[in-house]
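Visitor: Single-letter residue listing:
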Amino acid sequence: MEPLFTCVSNNAHHLYTLLSCIGIASKATVQITPDGLRFSVEEGRVIQGLAFLDKSLFNSYTFNQQPVPNNQGSTENDDSSEHITYPHFVVSLSALLETLKIFGINDLNEPNGIRDTNLPQTNPASSAFSAPTLLMDRSCTLQYAQHGSPLSIAITESGVKTTCELVTYEAEDATDIPLQRDAIIMKIIMRSAWLHNAIAELDSSNPTILKLSACATREPFFALSGAGGPFSESTVEFSVDQHNEIVGGASQAGPQSQSHKVLADDGSSRARATRAKLAPTVTETFLVSPPSSMGERIAQNYRFALIRKAARAMSVANKVSIRGDRQGVLSLQFMIELDENNAVGRPVGAGMKAPAGTVCFVDFRFVPLLDEEDAEMDVPVDNE
Amino acid sequence: MRFRTQLKDTKTFSKLTASLSSLGKVCWMRLEYDVVRFTIIPDQGTQVWAQIPVDTIFEENTYEMESNSEAINIEINISNLNRALRSTFGSSQSQLRLTKKDKMPLLALTVLSTDWTEGNMALATEDQDQSSEVTGDRRARERETRITQEIPIKILHESAVDGLHEPHCPDPDVHIILPGLAQLKSISDRFNRLASTDSKSKFQQTGMVGAVESSTTGANSNSNAPTSGSGLSSSSGPKLELSANMHGKLKLAIVTDELRIASVWSALVNPPLDPAHISEQQLSQLPSERMRGVGEDDESGWAKVRIDGKDWSRVLSVGRLSPKVVACFINETALVLYVYLPGSWNGEESCLTYYINSFAA
Amino acid sequence: MTSLTLSLGPPALIKLHDALTCLSKFSDTVAIEAEHSVLRLSALNSTKTAFASFVCEKDSFFESYSFQAHADGRGSYQTQSQGSERFFCQILIRALLSIFRGRVDRNKDTAVERCEMEIHEDSNQAECRLTVKMICGLGVIKSYKLTYEPAAIQHAVFDRSKTTNQWTADPRFLKQIIDHFSMSAEQLDICAEAGKATFTSFTTKITEGKEVLKYPVHTSVTCDRKDFEEFLIEENMHIAINLKDFKAVVAHAETANATVTARYTLPCKPMQLAYEFEGIRAEFTVMTRGEVDGEEVSSARAVIPQLSQRPTATAPATTPAPISLRRNETPRVAPSTEMPPPPVRARSTMDRPSASASMDFDSLFVPHDDDRQWDEMNDEDEEEPQDILGWDASGQETFEPVLRDIEPDFSKPAASRKGGDSDEMGLPPTQRMSQVRGFGLFD
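Chains as they are written, first to last, in the UniProt record's numbering: chain S, 1 to 384; chain X, 1 to 361; chain C, 1 to 443.
Everything labelled a hint here was simulated from the structure, so no lab data went into it.
We put the beta carbon where it would ideally sit given N, CA and C, even for glycine.
Not one of these hints is a red herring.
Label pairs and their in silico Cβ distance ranges:
1) X:P342 with S:G44: 51 to 57 Å
2) S:R218 with C:K133: 18 to 24 Å
3) S:R218 with C:K145: 20 to 26 Å
Calculated cross-link-like contacts (lysine-lysine; reagent style DSS-like; alpha-carbon spacing at most 25 Å):
4) X:K154 with C:K214
5) X:K324 with S:K161
6) X:K100 with X:K8
7) X:K249 with X:K324
8) C:K214 with C:K244
9) C:K214 with X:K103
10) X:K100 with X:K154
11) C:K226 with C:K196
12) X:K100 with C:K214
13) C:K196 with X:K101
14) X:K251 with X:K324
15) S:K161 with S:K55
16) C:K48 with C:K244
17) S:K161 with X:K251
18) X:K324 with X:K8
19) X:K11 with X:K324
20) C:K133 with C:K108
21) C:K48 with C:K162
22) C:K196 with C:K244
23) C:K196 with C:K162
24) S:K161 with X:K249
25) C:K58 with C:K145
26) C:K133 with C:K58
27) X:K101 with C:K214
28) C:K145 with C:K133
29) X:K154 with X:K103
30) X:K100 with C:K196
Let the sequences and hints guide you as you build the complete structure.
Guide: Written as structure tokens, this is what we have:
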């Protein structure tokens, strides 16, 4: 019998890169759709992560869709009912990630990644296998034969064939954290690296609460603070860069990289345009429009431990869109550019443009804290 | 009793001791006229018997060994020896000798290093040549440094080691040359992690049990899954299944509650046995020859052992010596590895033999 | 009201981090003392046998520095004489290390451009706050508020004019010596004989009877006096210090690329290790042990004497003499010891080209092929994505990479050392014989 679903990729690193962004829980719900695979994870209904593996990531993608009656229960809410006709199930995400790491195991003789060290690679086997020509004859196949089957992953390379069958579990009735798209009161787009840097900075003082503050009219326009830590209170403020305002336009040919220039060109023109609008220099889009009942400033608190879980995505992604709705639900949408040439590409930093890379998205949603005690109480739970 | 020698290939010696020390710290080192034997017999787990010709690690013409019993038996902490050998890297001369200090027997390693680094004191500058006159006696010169490492040991009387014998094994069902140990170890370690993430996630998943339980039957049933991952103490790992046949295939597999995974290598070599040692008739009666006759696709042609994942990983650390390894499978009973150091492939002299028991299913 | 305002450029920030990292090897808290012309950071270890201090010069270390003291504060400052007011407080080093990190910012655009620090102490305000502001590129501003405690600060006194033994050496050379010592070695004995210097590591821990194999390895390294820039040591005198302290000093001196000068007199009297670099004077005063007049003091049970406030003269020869400590409250006894002239060799420190990184030396001890891949897999910490938000600034994590710097151990990744001493002598076995099928194979 023809399997319900089969897809083949010759670069499992891309799949790994995307899935590792949401590797915050041990189990993930997988949904097979005609357009790609949707992986979602959640924890305690207060954080949700979602990665969509577009079918374009695969060399072949075959989904023999059968008309599946909606027999999965009638309690689905509107949001997910449209998905329910597609097969979905739960698998161990941690096991899937570990399995995907077997792909290209010869490249990374040292488990922590040879690229982090300067040690010369003298193992003749590994250097032979990392020759680009040899990368061609390896593949990673995902297959789901029928409802209830295991999800099978077959990885073939350099004389070894590895087959992993992941037990599939029935999916729970998952409810997405609702983001009111028609009540978005904040939308900030910036390089993900800067958000990552800010969160990493705050994290070093080990706070329990992340305070987000944004205002369109007064300083600080956009600030993130960590509170509740043992040592210090720390704040990262994204302000208008006075220095660049003045010198900015003229010093484009400075020592910055080409890619930075692209941004700075944007930035300088934007900076001039937005100076009237008072936007932080690092933001590409800065829209803050709280309802009059909230006053001019949006101030919301989130559990820091949850935000920290999106760190992997922040570090991998190129851009992030930070959105908030009237209820305070925070959405972080990460745009990840997968580099075709660099298997473990991390398009981080000052905007490395991946040449003709595939663009993918990873989403996180967070429920806001209502009061500070909330965070203090829950913190031990997420002890990793 | 007297032992004194110059070291020859300290790189190999160091890697050898590093590999041995992963299995156990207490090592029985036996110095004979022609060979040096290293044996590690941990209370539990794999034991290793290594036989190294004197000239593999020692300068043969400087090798002095005198003993009434024609051998010196030493008990030594092999990690200490390994650590001490690091001092020999880049040295010009290293000597190992048996000595005494305050009535305590010691193995003393003396290293003479004449060209320690190019970074001589007050030197190491790029423009050294131009300014050599100015720097005077701070010019590059041979710097002589002497390092002494005194490793406490115990001398074992011959009677103390009389009872220690290398295990005797039945003829293997399957013998096969292992693929590159780097790859084998990477995949084995990955499997170990898969088994441990499984046990970890079970821990975290209490909230989802309901859904999980109800669906396992519908999914791929793995009721025969061993209790892998359970009781993961620091020393005992998950149980890996390693099997091979006489048609060049090797399989590494593990089964947990959440997954079953297997890696299969093909086109490996089943080395021929030396006809000089075995008559044709004997040969035909060997279990491995019977197994060779079994069809390639027949399950019964496979010999299988179950081994501790962590122990296996420690064994594979011998890969740092870039050896050639022949694995002998005694179905459901044991796995014996013959590890030949580079250059001794034919001589069969420098050989480490690992004895690994199979766990019951 | 007392106020201290200063600003630092990026290179000084790295140096500040390095100094704090070094101090953290001596104590959990750092004492900060402000004077008109210098800022001093110091730490005294819990057993009071080692005192580390970094003095940062107003003009050469800081971009700007302004200190004003007025006599209406709450007592954590003092006026010793006109124009020599000082202010002091102490802060958890971990808290500071969470702010001053040594790593280079990955995002060049938003890298730190300037750091501003302020302390304003006002008797009207309840809390003691240190505010730190990092001005970064593209308008990113990171700010921190830290609490500090007022403190009485102690200094170890060391009179350089009485020095009878003195040697100066390149820290990379000293590190090579250290690298030969076993990880568990605790003490370091230094002795000169026939124009050679011998450094011997030893451990005073007693291991009894049968556990012969647990006896520590004794390592001695003998080198020529020509390997030192300066070498004036009494022959055949053994003097011993804590190896861990020595390692901490050498590791920092190596990052600072400054030659270390050791000064001492006799065993059981303090030794000072000192160097200067780019606006910082580093001084480490450590207690020594050894034989005095032929009498063995460094027996296994000998307790290292504490640095104390008692005068040194009263100590009998057999019991080690304490280092005298001076509290700041008391007037200075000997100002000359406090501000000694720069050592003779100071210039050569500055002139030394920073060429030939320590990697060259490391390679001595790290095989060219990566031997680590053969080690046992580390379960817990494998493959932490390098971008993970860690506690990279809190206690252990910052400490570990530093430890690794000074003790490169190619046989084990640093994380796996967490097991501690227990696996020093033998891994627990993996298989029970009873678990093995009873074929009587390996009897």
